[in-house]
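Here is how the chains run, residue by residue.
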Amino acid sequence: MLNRLFDRLASVCLLAAIPGGLYAVDGVVLINQNTAVAGGVTPGDAPGFPVTISQSGSYRLSGNLVVPDANTTAIEITAGWVTIDLNGFSIIGPTVCTTTATPGCSPTGTGEGIVARPGARSVRVFNGTVHGMGSNGIDLDIPDNFQAPNFTIGSVENVTADNNGGFGISANAGVFTSVAFQNGSGIESAIVRDSLAYSNLAAGITVLAGTAIGDSAFQNDLSMMGNPGIILGDAAAINNSSVFNGDLGFGAGCPSVVVNNNIQSTIEDVATSDNAPCLVANNSGVNRQ
Amino acid sequence: MSYRLSKTLACACILAAVPSGLFAVDGVVLISQPGSAQGFPIVISQPGSYRLDSNLVVPDANTTAIQITASNVNLDLNGFGIFGPTVCSGSPATSCTPSGSGTGVLATNPPSGTSTPGEISVFNGTVHGMGNFGIFILGPGRAENINADSNGSTGIAVTGTVLKCVATRNGSLGIAARIVNDSLAVQNASSGMEILASGTGNSAILNHADGIVVFRATISANSAFLNQGDGINAMCPSIVLFSAATHSTGNDIVLNSIGPDTCASFNNASNKPAVIITN
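Protein sequences, first through last, are from chains A and B. According to my numbering, the first sequence is numbered sequentially starting from 7. According to my numbering, the second sequence is numbered sequentially starting from 22.
Hints listed in this document are in silico derivations from the structure and should not be mistaken for laboratory results. Do not take every clue at face value.
[Claimed, not checked] To list a few chain A residues with every Cβ distance to chain B over 12 Å, as calculated: (1) 32; (2) 54; (3) 63; (4) 82; (5) 98; (6) 128; (7) 216; (8) 229; (9) 231; (10) 238; (11) 245; (12) 290.
[As the list claims (entries may be wrong)] Just a few of them, taken from the derived set where beta-carbon distance is under 8 Å, the chain A residues facing chain B: (13) 62; (14) 130; (15) 161; (16) 179; (17) 215; (18) 224; (19) 230; (20) 232; (21) 262; (22) 263; (23) 291.
Here a beta-carbon is modelled for each residue, glycine too, at the ideal position from N, C-alpha and C.
Please put together the full structure from these sequences, using the hints given.
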């Protein structure tokens, strides 16, 4: 009798460990290629890509996710408060970007690695790689510019984004200790700290109404299309390095602060715009303006 | 299946189903939504490491979710959220209902034999819709990677340090702490953040009062945009460096000199010249 009870309990326990709708021991929902194909990660998640996250909570990759083409999104978020731990794994698509000969990304498409849809309120993604998506690697930047009552907040930490057709990382709140290389564009956020953007086809780092500290942008826009290494819009940038970018070191919409940065560029170190004053001081380089 | 293997698996399964007080494989104490018998608040009275393994949902605006009464507590929200019923309305927020006495994570009672709680860290999660504070920690506490949204009072109030946090649409201040770095405050009903010692790399956007209030502190490389009071409002003696403030309804940068105390303001950029107020 006791033996049978234990057998039944053990069977139930083993069943609970089957990958579809899998939970880690700490309650986090695990996502891998098998759960993506099976669907049902959250209510309304259809089999196959994208994995739709429709419930607030904590999610973690337990394997790489590989999408079949440049038009396929890997993970889309429609719920309020979501954290995704990439757990050292990667989201992988087929796109490759080249910076030499004929610069560009191919194939391009509509697929994104992780995207926040309307209904998402706060999303944090960390600890992994997004590679080769047809559009943006990570897109947590619903374009409401914090003006709408239900604006989205997105932040990213310890993520590498490469060879994505659009932005490597676009997250409106903050990007920390991340790397974006060889994407259509590098990183876009309000706060960018201790991050690296190189060999992106357009601008390396874009900061709007925020701050850039301790970042490096180099060898972006090598095709000389007029994109700065670092773009600022009403922002403060100190202690960054912007070197060997195509045309411009910094492009600053004023009032912005560009102080204590290492700058070296082909045409102009700091280009300022608008009527309001910018503060440009104590930067290295020849300070062409 | 052998009797011994079945017994082991069954016992492990039963253990894993215990809702709270469970230990993770790494020895951390797991915290779940309490059953009706246990109820809120979940009280942490022993030093140690704790981790949520589910969202916590409190029943009303007067209920505190987690109360910490010990020092040396590390609380990992593990990507989950603490949720209450309060909703703040307006853009930026102007009022929150229902308000109440419930706080998401509360640490105000000093352990026996000490004057203040000490060394309390809360990180990696969300606190949304509490009737009072989102997070309130007295003593040398730390909040990191927290999103505090739509709480009835201040989103994050920590005597110590706030790092990489976001406070949005709370009923009072977004963030109040001695040290605030790399954090964002948006659409809060009062000022975005109040910094009492130092602050670097922060941004305050579209708050109902001032963007950043600097109270006898040093701030460097911050940004204030579209705030409905002043952009950066410094109580002297303070130092305001390398910061950008613009599109404020009031002044972009204000230095309030009280008595003999003066402020230093260097290398800032704004649409409007800094205003010095003397008493």
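We went through each hint and held it up to the structure:
1. 32: violated, 5 Å
2. 54: Correct as stated: the minimum Cβ-Cβ distance to chain B is 25 Å, above 12 Å.
3. 63: Label violated. Min Cβ-Cβ 6 Å, cutoff 12 Å.
4. 82: Correct as stated: the minimum Cβ-Cβ distance to chain B is 18 Å, above 12 Å.
5. 98: Since the minimum Cβ distance to chain B is about 23 Å, residue 98 of chain A lies beyond 12 Å and the statement holds.
6. 128: Since the minimum Cβ distance to chain B is about 5 Å, residue 128 of chain A lies within 12 Å and the statement is violated.
7. 216: The claim is violated: residue 216 of chain A sits with its nearest Cβ about 4 Å from chain B, within 12 Å.
8. 229: Non-interface label stands for residue 229 of chain A: nearest chain B Cβ at 30 Å, farther than 12 Å.
9. 231: holds, 27 Å
10. 238: Given that some Cβ of chain B is not farther than 12 Å from that of residue 238 of chain A, nearest at about 8 Å, it is violated.
11. 245: violated, 8 Å
12. 290: holds, 16 Å
13. 62: holds, 6 Å
14. 130: Residue 130 of chain A check passes; min Cβ-Cβ to chain B is 7 Å, inside 8 Å.
15. 161: holds, 7 Å
16. 179: holds, 5 Å
17. 215: Since the shortest Cβ distance to chain B is 4 Å, the answer is holds.
18. 224: Status violated, d = 21 Å.
19. 230: violated, 28 Å
20. 232: violated, 23 Å
21. 262: holds, 5 Å
22. 263: Interface hint status for residue 263 of chain A: holds (5 Å vs cutoff 8 Å).
23. 291: violated, 18 Å
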